[in-house]
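**Q** Protein chains in written order, with this note's numbering: chain Y, 5 to 260; chain P, 46 to 218; chain C, -18 to 425.
For the record, the hints were derived by calculation from the structure and aren't laboratory data. Keep in mind it's a predicted model, so treat the numbers as computed, not measured. Hints are supplied without guarantee of correctness; some may be wrong.
[Unchecked claim] Simulated crosslink set (BS3-like; lysine-lysine; CA at most 25 Å straight-line):
hint	chain 1	residue 1	chain 2	residue 2
1	Y	K67	Y	K57
2	Y	K144	Y	K110
3	Y	K225	Y	K88
4	P	K115	Y	K110
5	Y	K189	Y	K225
6	Y	K128	C	K209
7	Y	K230	Y	K189
8	P	K139	P	K173
9	Y	K67	C	K103
10	Y	K57	Y	K110
11	Y	K144	C	K260
12	C	K103	C	K260
[Stated by the list, open to error] Part of the chain P face toward chain C, derived, beta carbon under 10 Å:
hint	residue
13	F59
14	F63
15	A66
16	A94
17	T109
18	M111
19	Q113
20	G114
21	H162
22	C165
Heads up, the beta-carbon is just placed ideally off N, CA and C, and yes, glycines get one too.
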Amino acid sequence: MRKSIIAAAFASLAILPAAASGAEEPPHVDYSFAGVFGTFDPVQLQRGFQVYKEVCAACHSLKFVAFRNLGDAGGPHFTEAEVKALAAGYDVAAIDNETGEATTRKGLPSDHIPAPFPNEIAAKAANNGSAPPDLSLMAKAREGNASYIHAILTGYDHPVPEGVQVPEGGNYNPYFPGGVIAMPKPLSDGQVEYADASVPRTVDQYAKDVSAFLMWTAEPKMEVRKRVGFGAILFLGALSVLLYLSYRRVWRNVDH
Amino acid sequence: MSAASHDDVSRRDFLYVFSGAAAGVGVAVTAWPFIDQMNPSAAVQALAATEVDLTPIQDGQQITVMWQGKPTWVRKRTQAEIDEVRAMPDSELKDPEADQDRVKKPEWLVVIGICTHLGCIPNRDNSKQPGGYLCACHGSVYDASGRILHGPAPANLPVPPYQFVSDTLIRIG
Amino acid sequence: MASGHSNYTPSNGLTRWLDERLPIIRFANDNLLSFPTPKNLNYWYTFGAILFYCLVIQIVTGIVLAMHFVPNSALAFSSVEYIMRDVNYGWMLRYMHMNGASFFFIAVYVHMSRGLYYGSYKAPREILWILGVIIYLLMMATGFLGYTLPWSQMSLWGANVITNLLGAVLGQDFTQWLWGGFSVDNPTLQRFFSLHYLLPFVILGVSVLHVWALHHVGNNNPTGIDPKGPQDTVPLMPYYTAKYYFVITLFTIAFAVFVFFAPNLLGHADHYVEGNPLKTPTHIAPEWFLGAFYAMLRAIDFNLILDSKILGVLVMLGAIGILFIVPWLDTSRVRSANYRPVYWWCFWIFCADFAMLSWVGLQPAGTVLVQMGVAADGSPTGLNVTHLAQIGTLYYFAFFLVIMPLLGLFETPRTLPESIAQSVLKRGGAGTPAGAAAAPETRI
């Protein structure tokens, strides 16, 4: 009975998001990382990074991700040379050794991905008064995780229902709480040139790839976490059998 | 439990010992993350190697770079300075070491600028040794190869691991 | 701890010498090894040991996290991300600490329900119970303080709401003193970190008193009757320690499932948004383990002599405070609900009520559950979560203030067994004479 109460308490937590947001539930996406055995697909993450770099990065920062992370196993897994080249393609803020003045230098793998705007006020000023949020943790910072991001990116072409007022500079998106989002439709078919011609160049595919990539930026240790978890639970399961037998044995001559 | 047979006792012992050993292994494995978290993190590791561009350094000039949090000198020595340190017989040194063994290219000296006595940072100072270093803390004097000549310091300035990536770029670490 | 006489005999000169000066081995023997424990304790009675295990997990993971965390409003959020991304096994330590708090509360709720069910608060265990309530209060304070440390949106606004709550009763001067400023800001974070580090050790200290009180009066047991002799008890070691090892392993499996496979299930998405003092999240939810009290706070949406804001805070504090006087509210002379047919029902309804309140506390205020009509502005009206909270709060207080005092006077309890040994034999039907069982297993 108490078990069912605890179960009910947990179940109630799952109901919470639906009750809270007032937005449409994001459609289901089949991600490779879903489920207890799921892992990231490095090739997809590399494509996702490309989408981020060519589209999202114009406005959104990714401040918790360093270039070296892009080479991590359990992530996009770029080679060391690729990571170096990627980093060198960015200018990062630096101080001139001679004059002490602010300058820039080529990025190093140890640098974090530079933000498109120097500060939040600049970000606001350039974007109609609402600063584009950092994307590093976005997939964990919204109910629905990666599929929420996918839903937002693909949710622009819905007709505006009657009674919904879309103000100047706003865009209707049923998956966004309140239905009106400041971000204009960011993706269109064919916008990003994937190296692999067999991957469709559609908004849906871009959204899937970049949302998978952002799930990785939010939870970069997911693969090792699941691996350690399997080891831990298998070991604990075996140990609990041993300890149960020991317990029964200790008590075998006691009525209780 | 006087009724327990010998067999019974040993089987019981085995179960207890095995369970205890398994639990012990579990605790030991669990302890590792708690110990390992104090090791240098991935962010710190990423800064373990430093690349230095040699092009802006003039003859006789020295720059200081931070490598793993330590001031590291990269110095372009003049031919006169090289000749002088190489003329010094090893036997006169407190910590005998040939200059040839301390550099990869004769003109480039790369050493960690921390006095081997008590960890102060020596200065370039010609008063005691032309082209050498003087540690202001306790008066240790080093030559243009970073070798200890006199003073309390017991050893030469350490040479960090480095390699020439190209003629104008070295990678320390 | 003066529960009966010690059976420890020093085995050699050195231990004899030590025993005369600091009887630490005698103390350990009497309390951890030979302590006579009723032999009919069921699995619900293992949660005390589990709670000690939880405290150890929280203290150990907390100490190592503090080696990397930066208690500064500008850096706290990124230092948590640094732990999650760059510190070796940092993700694991942080997820253990985060979920450890939830599991600590799951265990404490089971432990407290166990006490309520078996009447473990009744004489002579009143102090034992009160010390337990103090630990629970300290746990809530520690949990809340820990919630604020990552300086996320939830942290920041949770800290705002709770401190303003206290301010509603204690005034503006108090909140400024608590904040160290005119709003929740860096000074607040730094002092909350300091206190979050301190309180677990206070909990540890009170736990020692709690166990001292327990070992002074002895364990209660499912029959609620006192052990009458050695045939009713077994030594703690190895009987219950063996059971603890097993149960703690099971508990760890459940814990590992959350840490490794659902680490954020018990949390809230806004915990991954950096704190922004200019923007309130649309819906502020406390941690689930504080949900019931938050629901009671919000249940009071009416003025009654006092203003609703102050009344709500008083009701919430009263809900916790009432636990202190439970030993004197219950008038029944029978301890265990196994022998109290009416109380049995009231108890389980109380558990369901508390679970419902915990759920309600996490819902946005005014969420309509059963629509009955439409308001003038087009929003639905009907049975909403506030109504549920009001019903739940009413039963919560009625359980303690009406049911407990009155039931003892009117309820007819079932016949109690004569002894623990007798109840065990009747249930188990085993043939071994009770006396044989009391002999502890030979230790090697």
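**Q** Each hint needs a verdict: does it hold in this structure or not?
**A** Tested hints:
1. Y:K67 with Y:K57: Roughly 13 Å separates the two Cα atoms, so the pair holds.
2. Y:K144 with Y:K110: This hinted pair is violated, its Cα atoms lying about 31 Å apart.
3. Y:K225 with Y:K88: Holds. Y:K225 to Y:K88 sits at ~22 Å (cutoff 25 Å).
4. P:K115 with Y:K110: holds (23 Å)
5. Y:K189 with Y:K225: violated (31 Å)
6. Y:K128 with C:K209: With a Cα-Cα distance of about 76 Å, the restraint between Y:K128 and C:K209 is violated, given a limit of 25 Å.
7. Y:K230 with Y:K189: Not satisfied, since the Cα-Cα distance of roughly 35 Å exceeds 25 Å.
8. P:K139 with P:K173: holds (16 Å)
9. Y:K67 with C:K103: violated (57 Å)
10. Y:K57 with Y:K110: holds (17 Å)
11. Y:K144 with C:K260: holds (19 Å)
12. C:K103 with C:K260: Judged against 25 Å, a Cα distance of about 49 Å means the pair is violated.
13. F59: violated (13 Å)
14. F63: violated (13 Å)
15. A66: violated (13 Å)
16. A94: violated (17 Å)
17. T109: violated (27 Å)
18. M111: Violated - the Cβ of P:M111 stays beyond 10 Å from chain C, reaching only about 19 Å at its closest.
19. Q113: P:Q113 check fails; min Cβ-Cβ to chain C is 16 Å, beyond 10 Å.
20. G114: violated (16 Å)
21. H162: It is violated, given that the least Cβ distance between P:H162 and chain C is near 31 Å, above 10 Å.
22. C165: violated (29 Å)
Consistency with the previously given hints fails for numbers 2, 5, 6, 7, 9, 12, 13, 14, 15, 16, 17, 18, 19, 20, 21, 22, ordered from lowest to highest.
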